[in-house]
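These protein sequence lines map, in sequence, to chains S and P. Per our numbering, the very first residue in the first sequence carries number 4; after that it's consecutive. Per our numbering, the very first residue in the second sequence carries number 4; after that it's consecutive.
Each hint should be verified, as a subset may be incorrect.
SDA-like cross-link-like pairs, simulated, lysine to any residue; straight-line CA separation at most 20 Å [as the list claims (entries may be wrong)]:
#	chain 1	residue 1	chain 2	residue 2
1	P	28	P	280
2	S	315	P	296
3	P	255	S	405
4	S	255	P	280
DEER-style ranges, computed between Cβ atoms [as the list claims (entries may be wrong)]:
#	chain 1	residue 1	chain 2	residue 2	range
5	S	272	P	345	47 to 57 Å
6	S	328	P	36	24 to 34 Å
7	P	432	S	328	21 to 31 Å
No lab work stands behind these hints, which were simulated from the structure alone. All C-beta atoms, glycine included, are put in the ideal place defined by N, C-alpha and C.
2 protein chains.
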Amino acid sequence: MRILSILTLALIITAPACAQEDLPKAQADRMESRIQELSQYGRNADGGVDRVAYSQADIEGRAYVIQLMKGQGLDVRIDSAGNIIGRRAGSDPSLKPVMFGSHTDSVPGGGNYDGDVGVMAALEAIDLLNEAGITTRHPLDVVSFSNEEGGLVGSLAMTGHFKPGALSVVNASGLSIAEGIDAIGGDHTRLNDARVKPEDLTAFIEVHIEQGGILDEEGLEIGVVEGIVGIDWWDVTIEGFANHAGTTPMNKRRDAMLAAARLTVAINEVATGMEGRQVATVGRIRAEPGAPNVIPGRVVMSLEIRDLDKDKMNRTFAAIQARASEIAKASDTAITFDYVDVASVPTPTDPRMRAIIAKAAENAGLTYQFMPSGAGHDAQDMATITPTGMIFVPSRDGVSHSPNEFTSPQAMANGADVLLRTILAVDQEGL
Amino acid sequence: MRILSILTLALIITAPACAQEDLPKAQADRMESRIQELSQYGRNADGGVDRVAYSQADIEGRAYVIQLMKGQGLDVRIDSAGNIIGRRAGSDPSLKPVMFGSHTDSVPGGGNYDGDVGVMAALEAIDLLNEAGITTRHPLDVVSFSNEEGGLVGSLAMTGHFKPGALSVVNASGLSIAEGIDAIGGDHTRLNDARVKPEDLTAFIEVHIEQGGILDEEGLEIGVVEGIVGIDWWDVTIEGFANHAGTTPMNKRRDAMLAAARLTVAINEVATGMEGRQVATVGRIRAEPGAPNVIPGRVVMSLEIRDLDKDKMNRTFAAIQARASEIAKASDTAITFDYVDVASVPTPTDPRMRAIIAKAAENAGLTYQFMPSGAGHDAQDMATITPTGMIFVPSRDGVSHSPNEFTSPQAMANGADVLLRTILAVDQEGL
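Here chain S stands alone, though its shape is the one from the complex (with noise of 0.2 Å):
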């Protein structure tokens, strides 16, 4: 394979740079191949997939990205974290390379898009360069990172930022995360080789499903992603005093349940009605003792806080707080926020990328938007080390994490026609 590496590398370095609107369309039709092949690696009877990392799917899916890379006659190694990592070589020495890709683990009972999709895209504008005998200056690092979904592990370590700490955590797999990283053929004794240095790498670029409705709903092609929101994340608690619901008049309870409620509605009505698209949202909720016939005496409940600026986050926790205050003192019961330290900062991504990826989708003829990203990806961590730029396709309903997850081969290959324009803008113009 290495042979025919060079052997490609010969034939293209011939043939000349396309200006981006000669440059050939993506194929949806073999993106969509791609993805039907990777689906069957951890089918599952919903038509989604169980393929969570370390797991026996996992590696079959790895081996068929490796595949796929081999067969474009990528460089491929696997590092310390178990990231695969499959180079294009560039034409000038001197040059770090352009790196791209996302991930193919899944979550348990996930869909067959999140992730796969930044994956095919990077390999579909790989083949376009084959095809169109197009060698970058720069090399170029397709990358499928290692247990995304389990929590950002192949890019953290990548940027030095995993925390030791996790390798114990045991995933579906039934492996701890040091386990599962040497049976994907890392090393997790030597998790610091992984480490890429900024002045190792030119940028960074993902492709992914938006998981939200936004584009599918307004019928957008592209998103142009500002940034991946920071998430605050508190335990709520409600203590009222619990007593017999038969007994205890209305006016005589201090029901937390009813203090919860109260707080649940205001939580709603602050992240509404203020300016911008700052979301809170109350997932989880346990009254205790829990019984029909019994107030409850304590709600435990969460609370989420996510925004792209870290200032809207906190004033919209100042004002849940403050109508957290009236509701105690008007129900009689003592509300208190326990921050819980798995949160996130906002991370923008690189204004420079923004602008070229707008630029990419134009050149493309597709429609765009700028828009935040909700949800987490690998690159938020690869942010903080390179130049980073993020691309949403749509989602069908904005559904992810399961079965009914759905991006049409089109929509995929307005992706890739996106990322391969942003790669050859990068590689020509620079930042």
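Once you've looked at the hints, dock chain P against the given chain S.
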């Protein structure tokens, strides 16, 4: 003991009947020392009791009650449902017994007053009659019902309403109801033998702690119970659409949690917005999938409505349903109410008994108030076969089913004084 009983009887037949104002007063010290003795059986580290029906502690507590009854000269038997019945003979063989009592089993982690006070007040009334040398015309039956906390087993059996399907239910004692009944001296294969027909009883009277905070808060000594409230219970399901809490804008959510919160607030507004003492409670809630980062697609919560008036209960529910329809429409969710068939209908006490109890409280120089019982009691079963009255004494802060239950010795004695005067009024004046 039988000899002693006849001897006592012989002595008191010669004594004149007292006018109510001349009656001796209940001895608070004696009642308190008996409560303390009883609380040894099943005592737990919190100062309360674990005296769950059929447990060793329950068996020991019952033995103590039987010993007290025998010491008073009562003719003691255990019926096939495990109810302990101690009879004091009357002077008129044609009259049917007046029955009074309560229960001594507790919930797990229970206190020292719920049920116990009613049994000790009944025994105190017997002591007072013995000491005053009064023989009633009617026989008197002191009853300690079996397994009240586990579903009114003893009184349901006595009134012919026990459903044999429940015999296999296992409680915290580790025994099924069938095994438990046999363990305490009953015979689950002959439950019908425990049945008492309407023509076999004159009346039933139960003294009990209030289990609400009304008497305690208002400084009243006696509650004249108007009836035991009915209970209706629904599982309420709110169906929205589970979605990513980061990628789904606030205005595109179908948030089942938010709709559940609005409904919980509306339930409170309906229950407090109508005249009357109806109560409505959301005690249990489950959100699915129940993660901080997922908008709940489904919430199931309980709704319980109680009142003395079934019409009022129906109107309360209808108003809640109307609010639910509005909320479902506004939030693009579906809200359904599934009736849970463990409900009970309101059970009024006998109006004549209420008047007699109120007069008895006046004669004893005690303050009183008419009030519903929000909790269930053996009296609600007995009311289906015989004129029934209930006498409440204050419970500090309305606490029950807790080691923190407390009723003062004098409050217990007040209950015994009213009980004795009620028994004598029924005995001498009829209903």
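Taking the hints in turn, this is what the structure says about them:
1. P:28 - P:280: violated (34 Å)
2. S:315 - P:296: Given pair residue 315 of chain S, residue 296 of chain P holds - Cα atoms ~19 Å apart, limit 20 Å.
3. P:255 - S:405: holds (18 Å)
4. S:255 - P:280: Holds: residue 255 of chain S and residue 280 of chain P sit about 12 Å apart, inside 20 Å.
5. S:272 - P:345: 47 to 57 Å: Since the Cβ atoms of residue 272 of chain S and residue 345 of chain P sit about 37 Å apart, the hinted range of 47 to 57 Å is violated.
6. S:328 - P:36: 24 to 34 Å: Given a distance of about 49 Å, which is not inside 24 to 34 Å, the answer is violated.
7. P:432 - S:328: 21 to 31 Å: violated (59 Å)
Hints 1, 5, 6, 7 from the list above are not met by this structure, while the remaining hints are.
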